[in-house]
Amino acid sequence: MTPGKTIHKFDRIDRRILSALQDNASLTNQQLAEQVGLSASPCLRRVRALEEAGIILGRVTLLDRKKLGLSLTVIILISMDRHTPERFEAFVKQIEVLEEVQECYLITGQEADYMLKVAIPDMDHYQDFLLNKITRIPGVSGVHSSFVLQRVLDRTSLPLSYLP
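According to the UniProt record's numbering, the sequence shown is numbered sequentially starting from 1.
Among these hints, one or two may not hold up.
Straight-line Cα separation of at most 30 Å, DSSO-like style, residue types lysine-lysine; simulated pairs [as the list claims (entries may be wrong)]:
id, residue 1, residue 2
1, Lys-9, Lys-67
2, Lys-66, Lys-117
3, Lys-93, Lys-117
4, Lys-93, Lys-66
5, Lys-117, Lys-9
6, Lys-93, Lys-133
7, Lys-133, Lys-117
8, Lys-9, Lys-66
These aren't lab readings, by the way, just hints derived from the structure by calculation. Quantities reported herein were computed from a predicted structural model and do not represent experimental measurements.
Please model the entire structure based on the sequences and the hints provided.
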């Protein structure tokens, strides 16, 4: 089996369920069933099967960053001094507890090892975050920050057209 491939076979109803839940995770089972053309019981069974298969990982509520005072989004590229599993594992443990960090990727193709997406109120808070949290993590040897001027596209839904 190819890495990243799923063994689950999706039919038209599965795709509709996943699409509807990506658009609105707060749908009741009855609403979802009506939207996908099933009665409530079979719909619930399918949703549970998708959850048990690990395809549906959870449901979230999306919040408005600006209305919460988190108007600054920063993309941070971080370089590490050593490329050892222990150093990377220690870095990840430190990053996981920082609530400002929304996404963290181990990357290649850049002069950095990690890319973070951070939500923060303003530049003063960013300076404090950078100096008192990020640069204090053992092994961080370089930090390059880019500030998001405009969210051109910010999706949470995955493309379902590739499903088998």
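Here's how the hints hold up against the structure:
1. Restraint check: the Cα-Cα separation between Lys-9 and Lys-67 comes to about 41 Å, which exceeds 30 Å; the hinted pair is violated.
2. Proximity of Lys-66 to Lys-117 is assessed by CA-CA distance (about 16 Å); at most 30 Å being required, the pair is judged to hold.
3. At roughly 16 Å between alpha-carbon atoms, Lys-93 and Lys-117 fall within 30 Å of each other, so this suggested pair holds.
4. Taken as a hint, the Lys-93 and Lys-66 pair is honoured in the structure, with Cα atoms around 28 Å apart against an allowance of 30 Å.
5. Distance check on the hinted pair: Lys-117 and Lys-9 sit about 33 Å apart at the alpha-carbon level, beyond 30 Å; violated.
6. Restraint check: the Cα-Cα separation between Lys-93 and Lys-133 comes to about 13 Å, which is no more than 30 Å; the hinted pair holds.
7. The hinted pair formed by Lys-133 and Lys-117 meets the criterion: a straight-line CA distance of about 15 Å does not exceed 30 Å.
8. The straight-line distance between the Cα atoms of Lys-9 and Lys-66 is roughly 40 Å, outside the 30 Å bound, and the hint therefore fails.
Of the numbered hints listed earlier, those contradicted by the structure are 1, 5, 8.
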